[in-house]
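Colleague: Working from the sequences, and respecting the hints, build out all of it.
Take a look at the letters that make up each chain.
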Amino acid sequence: MRIVAVCGVGIGTSAILKVNAERALDRLGLIADVDASDLAGVAIAAADAQVILTSTELSAAVRQAIGRSFAEIVEVENFFDVDEIGAKLEASLG
Amino acid sequence: MTTIPPLPDTAVVLGARADDWRGAVREAGRALTRSGATRSEYADRMIAVIEEFGAYIVIAPGLALAHARPGSDVRHEGLAVVTLAVPVPFGHPHNDPVRVVVGLAVANAEEHVASVAKLANAFNDAGIVGRIARATTPAEVRALLGMEAAAAPSEVEA
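So the protein sequences, as listed, match chains A and B.
When the letters of the first sequence are read in order and numbered with UniProt numbering, they come out as residues 1 to 94.
When the letters of the second sequence are read in order and numbered with UniProt numbering, they come out as residues 1 to 158.
Keep in mind that the hints were calculated from the coordinates and are not lab data.
In this text, a Cβ means the ideal position worked out from N, Cα and C, and glycines have one as well.
Take the hints with a grain of salt, since some may be wrong.
[Said to hold, decoys possible] Chain B stretches covered by chain A per the calculated footprint, using a threshold of three residues with CB under 8 Å from any CB of chain A:
{"hint": "1", "region": "40 to 54"}
{"hint": "2", "region": "84 to 97"}
[Unchecked claim] Partner residues are not named here, just some residues of chain A that face chain B (Cβ under 10 Å, in silico):
{"hint": "3", "residue": "Gly-8"}
{"hint": "4", "residue": "Leu-17"}
{"hint": "5", "residue": "Glu-22"}
{"hint": "6", "residue": "Asp-26"}
{"hint": "7", "residue": "Val-76"}
{"hint": "8", "residue": "Asn-78"}
{"hint": "9", "residue": "Ser-92"}
Modeller: Okay, here's the thing in structure tokens:
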């Protein structure tokens, strides 16, 4: 299973989302590769991903960038809230 | 690179006053430049990221992570912390207003993930933004971020 964490420039924000998604997956007992990507690279990065994690603010741009894709876009409000990320991942993957 | 970038006193501004989000980000840019991590143009690039992509950098209630891509204006990896005397809206639907701006500069996109993971550890504590916002010394900010020892090298004169 592959998850891509997306932010505008592919550093900082997406890296935080990546580490907290890994933490949330660990708590849920799920195994997945989580990569960080910038918006410009998301179409390629998410080509074989099940889930794209991003902020509410970027979700429309992500949707436009990936075009036709099977990946589900999950919007995260608080990038440090592992409970929020876990609950949303569980709802999406479960 | 597995540690949080150092946070010297020169990179910490407590109780800053900013008219708007641009002023708040610029304050973080000045702190990064003062500490030697970036050249002054980096502040403009941090602002440009928000102008292009929106306020998504407000990643938790009250907390903005200002940053831009690696570039020639980044001299070395660096961190800055700015607390605002009066919280400033960035235009984020959930996490406004911002009380703490963390400025981040990285020289290499691949290498910084581990250091950001350490930073994430500190911020996973839900009360941390409020505590940083109320901090009265740079040392207190470093202690809250679990990085007291990391400050030593650049503060020999102090």
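Colleague: Looking back at the hints listed earlier, which ones does the structure fail to meet?
Modeller: Hints 6 and 9 contradicted; others consistent.
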